[in-house]
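Peer 1: Sequence:
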Amino acid sequence: MWSPQRQEGDTKIVGPAYTVKYVSRSDTTSPKQAFHYIDMIPAGSVVFISSPNTINAVFGGLMSNRAHASGAVGTVVDGRIRDLQEHRALGYPVFARDVSTVSPYEVARVSEVNIPVKVQNNGQDTIVNPGDYIIADLNGVVCLPANLAEKAISLIPPQVKADELITEELKSGVLFTDASKKHRTMLSPT
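Heads up: the sequence shown is residues 102 to 291, going by this note's numbering.
Errors might be hidden in some of the hints.
What the hints assert, rightly or not - FRET-style restraints, in silico, Cβ to Cβ:
| # | residue 1 | residue 2 | range |
| --- | --- | --- | --- |
| 1 | N248 | S273 | 36 to 42 Å |
| 2 | I216 | D264 | 33 to 39 Å |
| 3 | A247 | S125 | 27 to 33 Å |
| 4 | S127 | E265 | 22 to 28 Å |
| 5 | L271 | N154 | 22 to 28 Å |
| 6 | Q186 | I156 | 57 to 63 Å |
| 7 | T130 | E265 | 49 to 55 Å |
| 8 | D238 | F277 | 21 to 27 Å |
| 9 | F136 | K272 | 54 to 60 Å |
| 10 | K262 | K219 | 31 to 37 Å |
What the hints assert, rightly or not - Within a straight-line C-alpha distance of at most 25 Å, the following computed DSS-like cross-link-like pairs (lysine-lysine) qualify:
| # | residue 1 | residue 2 |
| --- | --- | --- |
| 11 | K252 | K113 |
| 12 | K113 | K282 |
| 13 | K262 | K283 |
| 14 | K219 | K252 |
| 15 | K262 | K252 |
| 16 | K282 | K272 |
| 17 | K272 | K283 |
| 18 | K133 | K113 |
In case anyone wonders, no lab produced these hints; they're calculated from the structure.
Bear in mind the structure is a predicted one, so any value in this text is a computation, not a measurement.
Don't be surprised by glycine CBs; every beta carbon is placed ideally from N, CA and C.
Make a model of the complete structure from these sequences and hints.
Peer 2: Laid out in structure tokens, this is it:
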């Protein structure tokens, strides 16, 4: 998935997932929502939309405006988006697999919100649960399970320090293998 400002800029989002599950409009067995998900977004959250594999966009400029007004920190769409210029003008971060100019109305509908959703990707078995942390920047999107967040956060400072030390050594001509061996050992449990 990528940002509308693909491969440029410093757009970053971090926050707990507010999940939205789209299904095919022809699906008559999945639940139907009595309210529009966009009006129920908790402040500080990242909207994570799971969409069936269609050519239609499921998120556009109107949704960005409402999500932004609600205090959401960004949106990640496992599917397509539209109205890139509106997202950019608003300064609201949106990441998606692709773009489309077509509305979802004819082919997809929201079925459920704040439930576990599966990332629609061949060969990848990832579930995004409500409250899992979504982290996104120009390099891509990561889902950090909420129950692992505290442990993962404690691993970051030593990793950053090791990377900084390795970078300095590489700049001075040290071989990667040697610098990595020297500084990665500090990451190993004792």
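Peer 1: For each hint given before, does the structure comply? Return the numbers of the non-compliant ones in rising order.
Peer 2: Structure breaks hints 4, 5, 6, 12, 18.
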